Amino acid sequence: MHTNLNTGQLVRLSAEEPQVWAEAFTRWSRDTEYIRLLDDAPAQAWSVTKRKQWLEKELEDPERSYLFGIRTLTEDQLIGFVGLDGIQHTHGDTWVGIGVGDRNYWSKGYGSEAMRLILRYAFTELNLHRVSLGVFAYNTRAQRAYEKCGFQLEGVIHQAFLREGQRWDLLNMGILRAEWLAQNGKGLE
Amino acid sequence: MSIHEQLFQGSKICLTPIDHEKDPEIVARWTQDAEYQRMLNSDVVRPLSPAQVKKQYEAIEKASEESNGMFYYSIRTLARDDQPERLIGFARLYWIEWSHAAGMLQIGIGDPADRRQGYGSEALRLMLRYAFMELNLFRLGALIPEYNTPALALFQKAGFIEEIRRREALNRYGRRWDMLHLGLLHGDWKARLNG
Numbered sequence: 001m002h003t004n005l006n007t008g009q010l011v012r013l014s015a016e017e018p019q020v021w022a023e024a025f026t027r028w029s030r031d032t033e034y035i036r037l038l039d040d041a042p043a044q045a046w047s048v049t050k051r052k053q054w055l056e057k058e059l060e061d062p063e064r065s066y067l068f069g070i071r072t073l074t075e076d077q078l079i080g081f082v083g084l085d086g087i088q089h090t091h092g093d094t095w096v097g098i099g100v101g102d103r104n105y106w107s108k109g110y111g112s113e114a115m116r117l118i119l120r121y122a123f124t125e126l127n128l129h130r131v132s133l134g135v136f137a138y139n140t141r142a143q144r145a146y147e148k149c150g151f152q153l154e155g156v157i158h159q160a161f162l163r164e165g166q167r168w169d170l171l172n173m174g175i176l177r178a179e180w181l182a183q184n185g186k187g188l189e
Numbered sequence: 190m191s192i193h194e195q196l197f198q199g200s201k202i203c204l205t206p207i208d209h210e211k212d213p214e215i216v217a218r219w220t221q222d223a224e225y226q227r228m229l230n231s232d233v234v235r236p237l238s239p240a241q242v243k244k245q246y247e248a249i250e251k252a253s254e255e256s257n258g259m260f261y262y263s264i265r266t267l268a269r270d271d272q273p274e275r276l277i278g279f280a281r282l283y284w285i286e287w288s289h290a291a292g293m294l295q296i297g298i299g300d301p302a303d304r305r306q307g308y309g310s311e312a313l314r315l316m317l318r319y320a321f322m323e324l325n326l327f328r329l330g331a332l333i334p335e336y337n338t339p340a341l342a343l344f345q346k347a348g349f350i351e352e353i354r355r356r357e358a359l360n361r362y363g364r365r366w367d368m369l370h371l372g373l374l375h376g377d378w379k380a381r382l383n384g
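The listed protein sequences correspond, in order, to chains U and W. Okay, so the first sequence: first residue is 1 according to our numbering, each after it adds one. Okay, so the second sequence: first residue is 190 according to our numbering, each after it adds one.
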């Protein structure tokens with residue numbers, strides 16, 4: 001009951017101003033390995049101005065209004081984002097997206113903890129029924145992290161992407177409220 | 190298949206542009222049928238006025254023009270004898286990602302009396318040929334709720350396979366249902382045609 005929903009051991013979920021977002025996304029996007037692990041849209045270079053305009057429009061959409069920064073607790077560094085989009089409250093369903101743009105914080109548990117925080121938020125504050133995500137077949141590090149957070153493989157979109165001259169699968173994973181509660185819900189319900 | 194074969198015309202139906210004057214009234218009537226909307230997608234069901242449908246049509250054409258990510262067709266029966274063409278549904282390709290040559294496909298037949306007449310399967314055949322042989326897409330996906338068994342049967346008959354089962358993603362008719370994602374690759378489609 002008295003848990004601070006936004007804070008874990010390593011990171012907290014933060015609110016950021018559009019200018020801060022735009023600068024951070026622009027900085028992170030220069031790392032094309034990051035961009036190609038994150039998104040299926042072609043990697044490209046957007047200015048801070050263009051990014052900010054896009055973001056401000058994007059955040060007007062109520063289905064995309066849950067976008068949080070990932071900030072380290074020790075140095076208060078903005079290292080990434082995590083957000084829910086495509087929320088359908090009638091069905092209790094949402095998609096989640098996460099990216100740790102600062103590669104110094106890869107494979108150290110920061111992203112996993114941010115995902116755990118957003119799942120707790122989705123299930124105990126928004127009271128959703130399930131959370132879905134898509135992850136590229138070549139992003140095995142993320143797949144392992146999602147499995148540890150309780151996500152299960154729900155299927156594979158065959159040969160969904162063409163990159164580096166090769167076709168790649170897109171994996172879909174999901175976690176149900178009951179599954180999350182069984183693992184994390186002691187004392188909650 | 191040949192370069193001389195019509196892309197938009199079958200033996201029973203044809204794929205046509207939107208008629209902004211006449212179509213909205215008919216589509217508004219379909220939206221009075223909650224079942225039709227529930228079969229199509231997971232959006233909240235609501236009846237639409239002809240003016241609202243007209244607005245949707247304008248948004249569709251704007252989106253098609255701007256990003257080239259959508260191709261939308263009104264399905265009509267062919268004119269016969271003294272019977273003029275008649276609007277019976279729609280077919281669209283959407284979420285097209287050109288760098289990956291991938292897209293999504295959806296077909297709807299509005300009036301229950303026009304279902305089970307072979308119109309849907311002919312529209313599907315035409316759209317597949319259009320997507321693979323004209324737009325040169327590599328793969329297609331389709332989102333179909335678990336309870337829409339006629340659509341599942343139609344798409345599976347055309348070669349689509351179940352790729353993803355998003356468990357309990359829908360809350361309708363007082364219970365939970367899975368949302369299915371079906372997929373069809375160009376190569377598999379072509380092999381079936383030739384086989």
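In short, the hints are calculated from the structure, not lab data. Treat the hints with care, as some may be off.
[Stated by the list, open to error] Straight-line C-alpha distance at most 20 Å; calculated EDC-like pairs for lysine to aspartate or glutamate:
1) 201(W) / 270(W)
2) 57(U) / 17(U)
3) 201(W) / 300(W)
4) 57(U) / 255(W)
5) 244(W) / 254(W)
6) 50(U) / 255(W)
7) 244(W) / 61(U)
8) 251(W) / 61(U)
9) 251(W) / 58(U)
10) 251(W) / 300(W)
11) 50(U) / 76(U)
12) 244(W) / 270(W)
13) 52(U) / 17(U)
14) 186(U) / 75(U)
15) 243(W) / 255(W)
All of these numbers come straight from a predicted model, not from anything done at the bench.
| said: If you test the structure against every hint from before, which numbers come out violated? | reply: 10, 11, 12, 14
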